[in-house]
Structure formats: structure tokens, C-alpha cells
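Following the hints, put chain B in place on chain A, whose structure we already have.
Below are the chains, spelled out letter by letter.
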Amino acid sequence: MSTPLVVIDGVTRIHGSGPTAVTALDNVSLTIEAGELVAVMGPSGSGKSTLLNVAGGLDQPTRGHVIVDGDELTTMTPRELAVMRRRRMGFVFQDYNLIPSLTAAENISLPLELDGERARGARRHARAALDLLGLVELADRYPDAMSGGQQQRVAIARALVGGRRFVLADEPTGALDSHTGEEVLRVLRERCNAGVAGLLVTHEARHAAWADRVIFLRDGRIVDSTGVDRGLEDLLESAGHTP
Amino acid sequence: MSVKLGLMALLAEGEKYGAQLRAEFEERTGGTWPLNVGQVYTTVDRLMRDGLVEQAGDPDPEGRISYRLTEIGRAEVDRWWTTPVDRDNTPRDELTIKLALAVTVPGVDVQQVAQFQRTATLRHLRDLTRLKHDVMTRDAQAGDARSRDLAWLLVLENLIFMAEAEVRWLDHVETRLHQEAIRVAQAARMANENPALPTPADHPTITHVQEQIR
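Protein chains in written order, with my numbering: chain A, 1081 to 1323; chain B, 83 to 296.
Wrong hints could be hidden among the right ones.
As the list claims (entries may be wrong) - Simulated DEER-style distance windows between Cβ atoms: (1) B:Asp127 <-> A:Glu1270: 47 to 55 angstroms; (2) A:Asp1195 <-> B:Arg169: 55 to 63 angstroms; (3) B:Ala247 <-> A:Glu1263: 19 to 27 angstroms; (4) A:Val1303 <-> B:Arg212: 21 to 29 angstroms.
To be verified - With the Cβ distance kept under 7 angstroms, some of the chain A side facing chain B (calculated, not the full set): (5) Val1294; (6) Asp1304; (7) Thr1306.
Treat the hints as calculated values from the structure; they're not laboratory data. Bear in mind the structure is a predicted one, so any value in this text is a computation, not a measurement. Where is the CB? At the ideal position from N, CA and C, for every residue including glycine.
This is chain A alone, in the form it adopts within the complex (with noise of 0.2 angstroms):
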């Protein structure tokens, strides 16, 4: 068995102190594979977000570990996980968080270049990213004269430039059609197929059947899992029933 990408362990978030403290995330474990996507579902304030955002260094949490790709975020100073993000993980948003002012391509290459790479290189990376998500075209083209579905694919492409080993999508789809939503699902899907490890936080049933595994949260606790780690034979048997 191959070591975890992504290894989320006992991880308890707590927001405040004392009275007014609520737990955003309690005791949730999951790891992700390279080569997986993972979709995490659950109501409003069920600790999805929180979770995404501890995964990818955004937020520390009150107890537990987070490991990705070998590193244990949780021991990191601030500026040591801006690194971490900045060269080996890649943010998908809701809406797409392209600079308006620069082209497709320069919104690809800015974090190789915010990072030190020379410019020719980070363009000749950014060039790569789009092409192996088939949006050469777009390079030249700044965010106003592309459609939703075109900007997030290019911020996928940007998430993944340079070699990146794991995205995050916190509601990728959220702000397109169906169509077009789907179509930014299948992109990510193929990217996870190459090797890439996926969470991905989504309402939508829909775009979760995307993942090869989906887990539910409520209350900040992981109440329910699909997929090949047996979940439901796990919660089958742990309530006394044979699958």
C-alpha cells in the first residue's frame, strides 16, 4: 500500500475559548491518496470549509496532524507553511480569483514567479498547465474576455503549474451552469487520474459522484463515507449488520 498523500489525523478545530468556543471540526481523520479525489459533503456549518482550509495550511488546528506529501503542517511557522502552499499545493475558489489585469497565462505563472523562478521559465510552465488542460487558446486572454467555466479551468490550471501534487476546490463549481460545471469537474478528475490528490468541497451530489470517495460531515464529525475504503461496510458492520 502506497503512504497517503494527504493525512489528516485527530484533527479538532475549536473557534474562541470558554463559553462562546464552538468546535468547527472534531476528531476527523482521512487521508487522501495521490491519484484521488475526495469530495466532502454536509449542511451549512458542518466544518467543510474548516476542513479544506486546515487541510491546505489556511488554518491550524486545536489538536492533531496534518501531513502532506511528507510535511506536517501543524509544526510550521507561518512562513514556512506560506512556502508549503505556495510551491506544493494549488487553491481552486468559487470565484476563481484570477488577477483581472493579467492574462491567463501570467495568472499561472505569478506564483512561480512570486516564488523566484525567472519569468521565462514560470511562462514556460504556465504555458504547460494550459496546455495539458487543452486552454492554449486562452493564454493571451485576460479574465473579462473569458466565461466562468474558461476562468476555472485556468485557475485549475493554475492550481496544478509547476508540479503541484495537491488541490484543494472549495466549491469550484458553485458559480457556473451544469454543463459548464461538469466540464470543470471532468478537468480536475483527469488531473487526479494523473497523480494528483483531490479534496474537493461541493453541495451538489452531482459534482461529488466526480470523487472516488465522498465524506459527510455534521457537527464537525465525519458521519458517513463512500468508497473503496469500505466505508459503508464499516458503518454496516459497526451496526451490527452484514452487507
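For chain B alone, kept in the frame of chain A given last:
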């Protein structure tokens, strides 16, 4: 699904024999509704009895009998295309009945019933999505829109939307149960603090509400 009208729609294209009807029906619906040959012949017999289908000439050298639509049959198929499917005549749904009973039978963990079902339905949805992805990849490689794949795709998407609707409904059921549990707990707490207040076991009646207003 009306097998009768499905077979008649195929016959509207031209004469076909039994095994051909079965194969085409399955192929065009993506094998979603498998038919056995016996079902096909029973249906064709009934259609002949009702004057909607007739035998087209003598059996061929291999002994196969072809069938065709009669004029009345053709009119019936035309009517089918232009008439909406009757949704009032919904078949009983086992899951709905199961959950309705689960909330009323003591000792059943309804939350768990809903959860297990959602897991199973989501897996089904994932399998359907994979099949759809395969069909679409195949189409993209073939470079043309093959009508058989299009038919299969439409059937698949229908199943995907139905599975999605079921998951959404189950999410709603879970939220509803959760709210109900909170409501019951709150009411019980209030009843403990003030025994004069109604408990959740008391059904609110008009008299009850009127009393409260007074």
C-alpha cells in the same frame, strides 16, 4: 416504463422480428431495462390481439416472423410522442415507504436508515458518473455524435438526476430529523422547567393555541 409503447416505437421504423426488437430495445436504452425474449413475444401477442401490430408476411427461411404496426398502432405511437407521461400514476417507492415507517416504528434509527441509503445512492451516482464520463470520452475520440451513444447518454443522465434528487431528499430528511430532535429536546427542557407548558407529545390543537392566546 411502457414496454408495449417502446416496442411499438421501434416498429414504427419498419418491420422487425422478435429477437431484433429485444436487441434494439436494450441497445437504445443502454441496457437499463433488460427484456427477455418471452416478454417481447408476450407483448407482441397482446399488441396483435388488440389490433395494434400484425404479422408482416410469412416467416423467412430461418423461420423468423417479422411484425409491423397497423394503422391504429401507428396512430397510437404518434399519440404517445405528443402526450405527456402520466405522473399521477407514480409507482410506490420503497424508500419513501421505508422512511415513513421508520419514523413511526419505535426503536428504528431513522438517521442511520437515511445515512446508509445516501451512501448507497451516492455510490450508485458515482458509478453512473463514471459510465457517463466513459461514454463522453468515447464520443470525443470517435469525433462524431453517434445517436446510439446519445440515447444511452440521455438515459444515463436521467438516472443521474434521479439519484441526485434522492440524495437531496435524503439530506433534507436528515436536516428535518435533526431539527425535530432539537425541537423535542428543547420542548422537553422547557417542560421540565415549567410543567404547565405543553410537551411534544401533546398535539397542538386549535383549543390549545386559543388557550395560549388567552
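Tested hints:
1. B:Asp127 <-> A:Glu1270: 47 to 55 angstroms: 50 angstroms, holds
2. A:Asp1195 <-> B:Arg169: 55 to 63 angstroms: At roughly 58 angstroms between Cβ atoms, B:Arg169 and A:Asp1195 fall inside 55 to 63 angstroms, so the hint holds.
3. B:Ala247 <-> A:Glu1263: 19 to 27 angstroms: 22 angstroms, holds
4. A:Val1303 <-> B:Arg212: 21 to 29 angstroms: 25 angstroms, holds
5. Val1294: 5 angstroms, holds
6. Asp1304: The hint holds - A:Asp1304 has a Cβ within 7 angstroms of chain B, the shortest such distance being about 5 angstroms.
7. Thr1306: Result: holds, 5 angstroms to nearest chain B Cβ.
Consistency with the previously given hints is maintained throughout, with no hint failing.
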